[in-house]
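S.K.: Could you put the whole structure together from the sequences, leaning on the hints where they help?
Every letter in the sequence shown is one number past the one before it in my numbering, and letter 2, counting from 1, is -2.
One thing to keep in mind: the hints can contain errors.
[Unchecked claim] With a straight-line cut-off of 25 Å between C-alpha atoms, the simulated DSS-like cross-links for lysine-lysine are: (1) 61 x 19; (2) 134 x 62; (3) 126 x 19.
Keep in mind that the hints were calculated from the coordinates and are not lab data.
All values derive from a computational prediction rather than experimental measurement.
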Amino acid sequence: MGAPVILCGRTEAIGSGVIADLKPEFDVIHFIMNQEAGATQIPAILRGEQEVETQSALGSHDYSKKPVAVILGGGYDDAAIEVMMRAAAGIHPIPWLRPDLTIPAPAVSSPGYGKALVERIKVVLAQLEKDGKMHDEKVVLY
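M.R.: Right, here's the structure in full:
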């Protein structure tokens, strides 16, 4: 089983592909679909709670280990990210990865979209691990 992560996306269709592509290196333990859910569910997971409310069946729901990162999709703007990060601040510091929208990527509706983002996510997480920054509570672009 890979390192546990939380994935925030707007649609389960894209989320399921991203989850599959993150394996085997990462195990998406929880899938968040909006900032309101993220503001309550992410802090619960970071506190180590084992029973966490969810609107999605996606993710392993294995909360036995705390996540190493929160991965955000392109559907989350600065305000949404701030709401979720503020709610989770100081509980269990981990990086929050968000897409760098200045880097060209396939259209959201194309099958290559998720794969392109996952490649970037894996590179950034490996670099954070190498640099000893997996406990930095900040937004990191991928």
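S.K.: Run the structure past the numbered hints and jot down the numbers of the failing ones, going up.
M.R.: none
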